[in-house]
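Chemist: Here's the letter readout for the chains.
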Amino acid sequence: MIDLSALRADFPILQRTFDGRDLVYLDSAATTQKPVQVIEAVDAYYREKNANVHRGAYRLSAEATDAFEQARTKVASFIGSPRSDQLVFTRGATTALNFVAYGWGLHRLGEGDRILLTIMEHHSNIVPWQIVAKLTGAELVYLGLDDDYQVDLTELDRVFDERVKIVAVSGMSNVTGARGPVDELVAAADGTGAIVVVDGAQLVPHDRVDVAAMGADFLAFSAHKMLGPTGIGALWGKEERLEEMEPTEGGGEMISDVGLTESRWAPVPHKFEAGTPPIAQAVGFGAAVDYLDKVGMDTVRDHERALTAYALERLAEVPDLRVYGPRDVDRRGGAVSFELGDIHAHDVATILDEHGVAVRAGHHCAKPLMRHLHVPATARASFYLYNTPADVDRLTEALLDARRVFGLA
Amino acid sequence: MSPLDELYREVILDHYRNPRHRGSLNGPHVHAEGLNPSCGDEFALDLSVEGDTITDVAIQGQGCSISQASGSMMADAIVGRNFDEVEDMIRKFRLMMTIDEGDNPVDPERPGAVLGDLEALQGVRKFPVRIKCADLAWTTLTDALAKARANA
Ligand SMILES: Cc1ncc(COP(=O)(O)O)c(C=O)c1O
Numbered sequence: 369m370i371d372l373s374a375l376r377a378d379f380p381i382l383q384r385t386f387d388g389r390d391l392v393y394l395d396s397a398a399t400t401q402k403p404v405q406v407i408e409a410v411d412a413y414y415r416e417k418n419a420n421v422h423r424g425a426y427r428l429s430a431e432a433t434d435a436f437e438q439a440r441t442k443v444a445s446f447i448g449s450p451r452s453d454q455l456v457f458t459r460g461a462t463t464a465l466n467f468v469a470y471g472w473g474l475h476r477l478g479e480g481d482r483i484l485l486t487i488m489e490h491h492s493n494i495v496p497w498q499i500v501a502k503l504t505g506a507e508l509v510y511l512g513l514d515d516d517y518q519v520d521l522t523e524l525d526r527v528f529d530e531r532v533k534i535v536a537v538s539g540m541s542n543v544t545g546a547r548g549p550v551d552e553l554v555a556a557a558d559g560t561g562a563i564v565v566v567d568g569a570q571l572v573p574h575d576r577v578d579v580a581a582m583g584a585d586f587l588a589f590s591a592h593k594m595l596g597p598t599g600i601g602a603l604w605g606k607e608e609r610l611e612e613m614e615p616t617e618g619g620g621e622m623i624s625d626v627g628l629t630e631s632r633w634a635p636v637p638h639k640f641e642a643g644t645p646p647i648a649q650a651v652g653f654g655a656a657v658d659y660l661d662k663v664g665m666d667t668v669r670d671h672e673r674a675l676t677a678y679a680l681e682r683l684a685e686v687p688d689l690r691v692y693g694p695r696d697v698d699r700r701g702g703a704v705s706f707e708l709g710d711i712h713a714h715d716v717a718t719i720l721d722e723h724g725v726a727v728r729a730g731h732h733c734a735k736p737l738m739r740h741l742h743v744p745a746t747a748r749a750s751f752y753l754y755n756t757p758a759d760v761d762r763l764t765e766a767l768l769d770a771r772r773v774f775g776l777a
Numbered sequence: 591m592s593p594l595d596e597l598y599r600e601v602i603l604d605h606y607r608n609p610r611h612r613g614s615l616n617g618p619h620v621h622a623e624g625l626n627p628s629c630g631d632e633f634a635l636d637l638s639v640e641g642d643t644i645t646d647v648a649i650q651g652q653g654c655s656i657s658q659a660s661g662s663m664m665a666d667a668i669v670g671r672n673f674d675e676v677e678d679m680i681r682k683f684r685l686m687m688t689i690d691e692g693d694n695p696v697d698p699e700r701p702g703a704v705l706g707d708l709e710a711l712q713g714v715r716k717f718p719v720r721i722k723c724a725d726l727a728w729t730t731l732t733d734a735l736a737k738a739r740a741n742a
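Just so you know, the protein sequences line up as chains A and B, in that order.
Start counting at 1 in the first sequence, then tack on 368, and there's your number in this note's numbering.
Start counting at 1 in the second sequence, then tack on 590, and there's your number in this note's numbering.
Possibly wrong hints are sitting among the right ones.
[Said to hold, decoys possible] Chain A regions said to be covered by chain B (calculated; three or more residues, Cβ under 8 Å):
| id | region |
| --- | --- |
| 1 | 715 to 723 |
| 2 | 768 to 775 |
[Stated by the list, open to error] With beta-carbon atoms standing in for the labels, derived distance ranges:
| id | chain 1 | residue 1 | chain 2 | residue 2 | range |
| --- | --- | --- | --- | --- | --- |
| 3 | A | Asp387 | B | Asp666 | 32 to 42 Å |
| 4 | A | Asp514 | B | Met591 | 28 to 38 Å |
| 5 | A | Glu437 | B | Met591 | 58 to 68 Å |
| 6 | B | Ser592 | A | Asp698 | 55 to 65 Å |
| 7 | B | Met591 | A | Thr385 | 50 to 60 Å |
| 8 | B | Pro698 | A | His740 | 46 to 56 Å |
| 9 | B | Glu600 | A | Asp578 | 51 to 61 Å |
| 10 | B | Asp678 | A | Glu617 | 52 to 62 Å |
| 11 | A | His491 | B | Pro698 | 44 to 54 Å |
| 12 | A | Asp688 | B | Arg610 | 22 to 32 Å |
| 13 | A | Thr385 | B | Thr732 | 33 to 43 Å |
Treat the hints as calculated values from the structure; they're not laboratory data.
For glycine and all other residues, C-beta sits at the position ideal for the given N, C-alpha and C.
My request is simple: use the sequences and hints to build the entire structure.
Modeler: Structure below.
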């Protein structure tokens, strides 16, 4: 396993203790911790450069604008975007997906059109499509899962016909960790006129992504899941898609001219960035991708793959523990959902918390998936570059104690 | 006892694994449902009432041990009681759990004397995020009781 433990010193919060024990933070799929490099970039921006962007004639405002646009360039190049103006800053992955649903789907879908989803989507890649389907008369079609928790493509030929106008798929499940069949769906959509929208909230933080090679039309992701601040994320889109897409929000910054009854939009990406943007957060986002670039996304992925393999091995030692997700670490990321005997996931999480181990429990904003798996709730441990095998050991010990507390041992 | 062992006392695990009064009532009854949207815990109950007395109860639901055990113990405790007694019990339960502000009515010298088995739930107080789990059955009961009073 690649030893990244030296990086832990960059994350002040990992020094915290609970009841005298070091925090073991295993909820990075919900949000990640922040390195000093990000915290200090935000702090320095407020101390030295703060002004509104794209407005002031004075030098300070020009510096703020530069810092903001530099962050855009960094994030765009992090995902291999040919041009930085293909990257729209949003409040997060959720807003990015809503922009596509309202700005593209609402204007282009009609009665009988289809939106193809997978059953493992997060609510943020389901609910916007439900709303837009209701408004347009389009219908939602879902791909299910096979025995290995992978999206089942055997039905693809049957459901993929000329009615499909939008394919929305997660690059990686936040529940099972399974990778989504992005390549297969891009290939299926090719030449049909359907667009492919990738929810990259869990993929972009954990693997190298090259949008040019990926071939999808849109990619949505959040900064806070990749070492950056909350309140900012991004929507990347193909040039022609972004040109076609209508703004969902109107206001300052997004216009080139405003008349009494009509306005003209600013060029992409600014036509999607109404109002004062999250400037300091963008600067922090830029610092986050700098940090990830420095470590190297291949290293991040390899570290997590090894750690996930170790976790699956250790969890297999815990009697009565059922993992919901692929076994093959090449087909998954580092979010590991599980149930332990007849102990409810919230009770598991409470017991783990007493051991200083932070995991998420519940439906993980993926209720259709939970119903599909016939589980009301799971506990989920999720890993990132700062986690170590020792964290996995602490998790395993705490799970064994949960068995004792519930009289299963 | 460690806070964990105090939280998951044997009587709580027993009610979680062998809930009492589980099912639904056939005859006339009032029904109420409760949900904790943040964690997905569900609880529902049927009350059959004669005059102002609860003659039978049935509970449904799914969720964590604390929410389900609390409901099971509650069901045991309210059968045969009248509305005033049940309301008094709700009041004492909420004081015990620090949901409402005031003195804890439970007498540490005489365990079980005030709220019976329900006193085992006091361990939840050390876990503030779980108090709402213990309370779910009781807010549902409060709803059901209001319906029963309206019918009376
Ligand atoms: C797969 C997936 N998609 C979308 C989201 C939504 O991200 P955000 O809440 O940052 O908008 C999340 C985060 O919970 C996620 O895990």
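Chemist: Between threonine 385 of chain A and threonine 732 of chain B, does the beta-carbon spacing fit 33 to 43 Å?
Modeler: holds (40 Å)
Chemist: Given the range 58 to 68 Å, decide if the beta-carbon distance of glutamate 437 of chain A to methionine 591 of chain B lies inside it.
Modeler: The hinted range 58 to 68 Å holds for glutamate 437 of chain A and methionine 591 of chain B, with Cβ atoms some 59 Å apart.
Chemist: For aspartate 514 of chain A and methionine 591 of chain B, compare the CB-CB distance with the range 28 to 38 Å and indicate the outcome.
Modeler: violated (46 Å)
Chemist: Are there three or more residues in the region 715 to 723 of chain A whose C-beta lies within less than 8 Å of some C-beta in chain B?
Modeler: Our answer is that it holds, as 4 residues pass the Cβ test (under 8 Å) against chain B, meeting three.
Chemist: Just tell me: holds or violated, for the beta carbon distance of glutamate 600 of chain B and aspartate 578 of chain A against 51 to 61 Å?
Modeler: holds (56 Å)
Chemist: Taking the CB of proline 698 of chain B and the CB of histidine 740 of chain A, does the distance hold inside 46 to 56 Å?
Modeler: holds (48 Å)
Chemist: So is the region 768 to 775 of chain A in contact with chain B by the C-beta rule, three or more residues under 8 Å, or is the coverage claim wrong?
Modeler: holds (count 4)
Chemist: Take a look at whether the Cβ-Cβ distance between aspartate 387 of chain A and aspartate 666 of chain B falls inside 32 to 42 Å.
Modeler: holds (34 Å)
Chemist: The hint says 52 to 62 Å between aspartate 678 of chain B and glutamate 617 of chain A; measuring C-beta to C-beta, is that right?
Modeler: holds (54 Å)
Chemist: Does the Cβ distance between methionine 591 of chain B and threonine 385 of chain A fall inside 50 to 60 Å?
Modeler: violated (23 Å)
Chemist: If you check the beta carbons of aspartate 688 of chain A and arginine 610 of chain B, does the distance land in 22 to 32 Å?
Modeler: Cβ of aspartate 688 of chain A to Cβ of arginine 610 of chain B: about 25 Å, so the range 22 to 32 Å holds.
Chemist: Given the hint of 44 to 54 Å, check if histidine 491 of chain A and proline 698 of chain B actually sit that far apart at their C-beta atoms.
Modeler: Hint holds: Cβ distance 46 Å, inside 44 to 54 Å.
This entry does not satisfy hints 4, 6, 7, going by the numbered hints stated previously.
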